[in-house]
Amino acid sequence: MEELNFGATAWMLTSASLVLLMTPGLALFYGGMTRSKSVLNMMMMSFGAMGVIGVVYVLWGWSMSYGSDVGGIFGNPFDQFGLAATIYDESGEFIIDGFGVPQIVGVAFQVTFAIITTALISGAIADRTKFSTWMVFVALWVTLGYFPLAHMVWGGGLLSGAGPFASIAAPIDFAGGTVVHINAGVAGLVLALIIGKRRGFGREPMRPHNLPLVMLGAALLWFGWFGFNAGSAFTADGVAGLAWVNTTSATAAAMLGWLLTERVKHGKATSLGAASGVVAGLVAITPAAGALNPVTSLVLGALAGVLCALAVGLKFKLGFDDSLDVVGIHLVGGLVGTIAIGFLASGGGLFFGGGFNQLVVQIIIAAIAVLYSGVVTAVLGFALKALMGWRVAEEDEVRGIDLAEHAETAYEEINS
Amino acid sequence: MKLITAVIQPHRLDDVKAALEAAGVRGMTVSEASGYGRQKGHTEVYRGAEYTVDLVPKVRVEVLVEDGDALTLAGVVVNAAQSGKIGDGKVWVSPVEEVIRVRTGATGPDAL
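Here the protein sequences come in this chain order: A and B. Quick note: the first sequence uses the working numbering, first residue 1, plus one each step. Quick note: the second sequence uses the working numbering, first residue 1, plus one each step.
Each statement offered as a hint is correct.
Sample of chain A residues facing chain B (criterion: CB under 8 Å; computed from the structure):
1. 207
2. 266
3. 270
4. 276
5. 313
6. 325
Residues on chain B that point at chain A, a partial pick, calculated with CB under 10 Å:
7. 44
8. 47
9. 51
Calculated from the structure, these hints are not laboratory results. None of these values were measured; they are calculated from a predicted model. Where a beta carbon is used, it is the ideal one built from N, C-alpha and C, also for glycine.
Please construct the entire structure, taking both the sequences and the accompanying hints into account.
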């Protein structure tokens with residue numbers, strides 16, 4: 001029986017609350033980037049994920065992530081269904097984890113990760129997706145796509161330190177490069193391909209309708225990300241402080257990297273570029289926040305800012321409508337962060353005398369995450385296409401999805 | 001009677017309004033408009049994607065005047081709205097058959 005650590009518990013409750021705030025922040029970040037006729041639907045996709053996953057997580061989400069292991073892939077959903085045997089031990093005392101934090105606080109922290117990860121996907125399919133199909137997808141994807149990967153990486157499964165690759169080097173995913181960002185980025189790409197382009201993609205202007213909302217959303221994401229990364233120390237200690245500083249170092253460098261890239265390529269440093277660079281840096285440092293030092297974090301952040309700024313143009317060249325660049329930022333940033341650990345990790349990175357082992361393991365876990373997410377999302381995407389259909393009617397998409405799906409408009413006059 | 005319609009740069013509205021008031025005009029209708037002429041639009045870049053915005057914001061000022069005042073007042077508008085740069089806008093004068101004041105039912109020049 002561990003003793004309760006009040007400081008750690010207070011910090012983890014704070015972190016959980018910070019991470020929960022990221023999803024409304026994401027709703028603003030994405031909402032400002034859509035056209036004015038679809039901002040409410042875009043924000044509702046994030047809020048909808050909060051509703052669905054808030055319910056699903058207490059029923060079988062925790063159990064599938066951290067319950068008794070089934071083949072290294074997922075936890076048994078019935079084991080701790082409804083958080084049975086999760087809160088109290090046999091003698092009726094709160095179960096305390098190895099950091100002196102009650103396990104129920106761990107549930108609070110983890111549910112917020114499941115919510116934001118799933119909500120991230122919505123940016124790839126903006127302006128055109130039936131709200132009903134999205135809500136069903138959220139429940140299915142978080143169950144089959146997110147919980148198993150969380151179990152594999154963090155719950156003692158195949159990709160964790162207890163898995164088979166640990167004999168090469170223990171995989172490092174501090175706060176969710178694979179589980180959160182590669183997972184959501186691949187899912188966004190697959191859904192964008194299955195659902196298809198918006199009417200007029202590449203021909204009509206689809207300019208962000210409210211950049212101040214985007215900036216506010218990015219600010220809330222940065223703030224909430226301290227819970228995400230520093231909270232992933234699971235206690236209030238030096239690792240948490242290191243993760244906090246690494247997070248800010250990488251994010252600042254990524255913003256500059258993005259701004260510099262667009263200044264060179266397009267002539268101006270833009271506010272959307274600053275907001276995007278911030279998120280790219282936050283994404284890239286997520287898996288690495290505990291493994292780098294503040295200076296290597298600057299290197300990682302700058303690299304992510306430049307690469308993501310270059311990657312967002314790919315959708316026009318390759319012809320897929322990842323509307324708000326979930327692929328260009330979360331998949332690319334997640335891959336950059338996860339793999340860069342192999343080079344930059346303070347202990348075990350290639351540049352720090354650790355040899356190739358860590359790099360090989362990081363590439364393996366990134367590749368498995370890509371493959372796993374791709375297959376699960378494709379199966380769910382095609383099944384829902386056949387059963388429910390993904391797209392609103394063409395005239396509804398033209399008139400505006402807010403009106404068609406929610407019978408509301410965000411502003412008095414709809415211009416575009 | 002004539003209708004003077006002026007489509008001008010939004011930032012010249014206060015000057016135009018003041019000039020017309022100084023010339024004795026007692027009422028006008030102002031509305032937001034968008035359009036383009038030789039100025040064409042401009043280009044915006046969002047995450048590397050270029051958008052040509054060809055309709056730029058303008059202000060439309062409409063004033064009903066007596067026949068004899070029309071050209072003078074149109075000149076007042078032009079002077080006040082002019083910056084000499086491309087995109088300053090246009091002013092035109094068109095004939096009006098009848099004007100009725102809603103409150104009193106007065107018609108013709110009495111309704112102006």
